[in-house]
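Undergrad: Each chain, letter by letter, is given below.
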Amino acid sequence: MHTTTLKLVTIISDRLLATDVVSKICELGARGYTISDAQGQGARGLQPLDWEGANSRIEAVVSPEVAERIISHLAEKYFKHHGMIAFVHDVEVVRGDRYM
Amino acid sequence: MHTTTLKLVTIISDRLLATDVVSKICELGARGYTISDAQGQGARGLQPLDWEGANSRIEAVVSPEVAERIISHLAEKYFKHHGMIAFVHDVEVVRGDRYM
Amino acid sequence: MHTTTLKLVTIISDRLLATDVVSKICELGARGYTISDAQGQGARGLQPLDWEGANSRIEAVVSPEVAERIISHLAEKYFKHHGMIAFVHDVEVVRGDRYM
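Respectively, the protein sequence lines represent chains A, B and C. Under this note's numbering, the residue at position 39 of the first sequence is numbered 39, and the numbers go up by one with no gaps. Under this note's numbering, the residue at position 50 of the second sequence is numbered 1050, and the numbers go up by one with no gaps. Under this note's numbering, the residue at position 13 of the third sequence is numbered 2013, and the numbers go up by one with no gaps.
None of these hints come from the bench; they were simulated from the model. Mixed in with the good hints, there may be bad ones.
Said to hold, decoys possible - From the derived model, a few chain C residues whose C-beta atoms are all more than 10 Å from chain B:
| no. | residue |
| --- | --- |
| 1 | 2001 |
| 2 | 2019 |
| 3 | 2039 |
| 4 | 2042 |
| 5 | 2057 |
| 6 | 2068 |
| 7 | 2095 |
Stated by the list, open to error - To be clear about the criterion: a stretch of chain B counts as covered by chain C if any three or more of its residues have a C-beta under 8 Å from a C-beta of chain C, and this derived list gives those stretches:
| no. | region |
| --- | --- |
| 8 | 1001 to 1013 |
| 9 | 1031 to 1039 |
| 10 | 1089 to 1095 |
By construction, the Cβ of each residue, glycine as well, lies at the ideal position given by its N, Cα and C atoms.
Please build the complete structure, drawing on both the sequences and the hints.
TA: Here it is as structure tokens:
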């Protein structure tokens, strides 16, 4: 089975920000995303007041370039003042052209 | 702590297909799985009509051989006509024999 | 964009254990965590009686040392007698100091 290595971007954000975030990641090149409910808790410093409570988990499989763009955007716009974390790792997919 | 490298297979599928999918992945060698609710959205081409709406996120930790079998099966049976994505990556586990 | 490689620890546990688990992982050094609902099913051996049903998915981005401590603790305390799995993999994050 031929596979392609792409990036999975996972964003855990305040649920109120989720609509903005998914709109932006599509604008930056994501061709789809998955969203689910989560609860986040900060312990000892992860901005507990902003961060605790209703969160959304947003995931998108994207090219390395789009991942970079998304993470740069989030870091600049949200990381300082909002409860949000994001992480990226490689994933193998079949029919990688669907994501690019 | 001794760890083993296995594969995490993640499948995001239309919720109506979830029962079939988990039954099949167990038949193909997965010894357990986790399922949770998610919403999927396709942007610009990921088959939006099929894909949007109620999805299931199915995860299984399996051997590389079982991962290959699962992905091949899904690609052949579902990827063309159904809203489904799947991706695979390495994970470290303790007591890896439990998954094989 | 400068990124740091950290570890994502994912724990799928019986929901009744989730409060204990998150309390312990914070004690062991996690600075935050995300928790969401999931259903787990064991097939052919993953302790089906304990494992099936309401589960929690707990995730934390931590340093390699904290990941090791968490996994060792879980393996020793829970893996033998409880329905729980855990896996670890590398993730790239921005502003890695927030997680350590």
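Undergrad: Of the hints stated earlier, which fail here?
TA: 3, 4, 5 and 6
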